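Line by line, the protein sequences give chains D and L.
Residue 1046 in the numbering used here sits at position 67 of the first sequence, and the numbers go up by one each step.
Residue 142 in the numbering used here sits at position 62 of the second sequence, and the numbers go up by one each step.
Since the hints were derived computationally from the structure, they do not count as laboratory data.
Predicted model only: the values in this text are computed from it and were never measured.
Be careful, since some hints might not be right.
Here's a subset of chain D near chain L, in silico, CB distances under 10 angstroms, partners left out [said to hold, decoys possible]:
(1) L986
(2) A990
(3) S991
(4) I1013
(5) N1016
(6) V1043
(7) F1059
(8) L1107
Capping the alpha-carbon separation at 27 angstroms, the derived lysine-lysine pairs in BS3-like fashion look like this [as the list claims (entries may be wrong)]:
(9) K1104(D) to K202(L)
(10) K124(L) to K184(L)
(11) K1115(D) to K202(L)
(12) K182(L) to K1104(D)
(13) K1046(D) to K1024(D)
Every residue, glycine too, gets a C-beta built ideally from N, C-alpha and C.
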Amino acid sequence: MSMFNVLDISASGMHAQTVRLNTIASNIANADSISSNAEDTYRSKQPVFQTILDNSRGEPRGGVRVKEIVESQAPLQMEFNPNHPMANGDGYIFRPNVNAVEEMANMMSASRTYETNIEVLNTSKQLLLKTIQLGK
Amino acid sequence: MAESIFGIHESALKIRTQRGEVLANNLANADTPNFKAQDIDFRKALQAAQGDSDDLKMSGMAKTNSRHLDGGGFSSTSSFLMYRQPTQPSLDGNTVETHVEKAKFMENGLQHTATLEFINGKITGLRGAIRGE
Chain D
980 MSMFNVLDIS
990 ASGMHAQTVR
1000 LNTIASNIAN
1010 ADSISSNAED
1020 TYRSKQPVFQ
1030 TILDNSRGEP
1040 RGGVRVKEIV
1050 ESQAPLQMEF
1060 NPNHPMANGD
1070 GYIFRPNVNA
1080 VEEMANMMSA
1090 SRTYETNIEV
1100 LNTSKQLLLK
1110 TIQLGK
Chain L
81 MAESIFGIHE
91 SALKIRTQRG
101 EVLANNLANA
111 DTPNFKAQDI
121 DFRKALQAAQ
131 GDSDDLKMSG
141 MAKTNSRHLD
151 GGGFSSTSSF
161 LMYRQPTQPS
171 LDGNTVETHV
181 EKAKFMENGL
191 QHTATLEFIN
201 GKITGLRGAI
211 RGE
């Protein structure tokens, strides 16, 4: 168990939130990616987090990592628009199942958690510096 | 030797460091499904450290000679880990309440600083005594 373990934990939290912000950016950027069939349509991507456990020693160390990135199973939006260049034989176009409001709320939550991890990192750094300078 | 100089503060500093890690872990896992927030029972952990019970044995350096000094090292406080009771449980089974954890982390940080101050004061006093100031 290292004295600097706490820095790894906060760094893992920041990394996980960065992945989350990346998927949100991808979702919002693709919110209007129209397709002519359901298979090729962009689906909203969401990361799933998982705790890193150190079972071998039973120590309270940890951190977080991205277990997987799943695609939302929400229904796609079909729109009847025969004049659209991407329309299929029946005159339908497919819009991604990205909910812009949900993504924005998600983004705020991710940035807040990122900030929390930075605060923890800063506090821990100051405490470690004080410990290193003991007796000076 | 060193243990008798710093008294209770040496054990306290170790437990504070580990509690800081546990709380940092809670905050890092604020969005992990089914994660259960934990905390260390500081009073019990410190009592055990003072009583040198089996729960908190020093896992320090290996001794190959009877005249080697005790390495100290980090002791394990994992037996004092407890799960936090959430006031507002969330749908995904996560029991981390960021505001509670932040407050606890800040509290632990201040107490950590206080412990460091006590140790620093002890060192300053000893140095003064050695130099005859």
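Status of each hint after checking the structure:
For L986(D), the shortest C-beta to C-beta distance to chain L is roughly 9 angstroms, which falls under 10 angstroms, so the interface hint holds. Of the supplied interface hints, the one on A990(D) holds, with its beta-carbon coming within about 9 angstroms of a beta-carbon of chain L, less than 10 angstroms. The closest approach between the C-beta of S991(D) and any C-beta of chain L is roughly 6 angstroms, which is under the 10 angstroms cut-off, so the hint is satisfied. Hint status for I1013(D): violated, given a least beta-carbon distance of 31 angstroms to chain L, over 10 angstroms.
Annotation: N1016(D) was flagged as interfacial toward chain L, and the flag is violated, the nearest CB pair being 32 angstroms apart, outside 10 angstroms. Checking V1043(D) against chain L: minimum C-beta separation of about 5 angstroms stays under 10 angstroms; hint holds. Annotation: interface hint on F1059(D) violated; nearest CB of chain L at approximately 36 angstroms, more than 10 angstroms. Because the smallest distance between the Cβ of L1107(D) and any Cβ of chain L comes to about 9 angstroms, under 10 angstroms, the interface hint for this residue holds.
Restraint check: the Cα-Cα separation between K1104(D) and K202(L) comes to about 23 angstroms, which is no more than 27 angstroms; the hinted pair holds. Proximity of K124(L) to K184(L) is assessed by CA-CA distance (about 17 angstroms); at most 27 angstroms being required, the pair is judged to hold. Between K1115(D) and K202(L), the direct Cα distance comes to roughly 12 angstroms. Compliance with the 27 angstroms bound is thereby established for this hinted pair. For the given pair, K182(L) sits about 16 angstroms from K1104(D) by alpha-carbon distance, which is consistent with the 27 angstroms threshold.
Between K1046(D) and K1024(D) the alpha-carbon distance is near 13 angstroms, which keeps this suggested pair within the 27 angstroms criterion.
The structure fails hints 4, 5, 7 (numbered hints given earlier, in ascending order).
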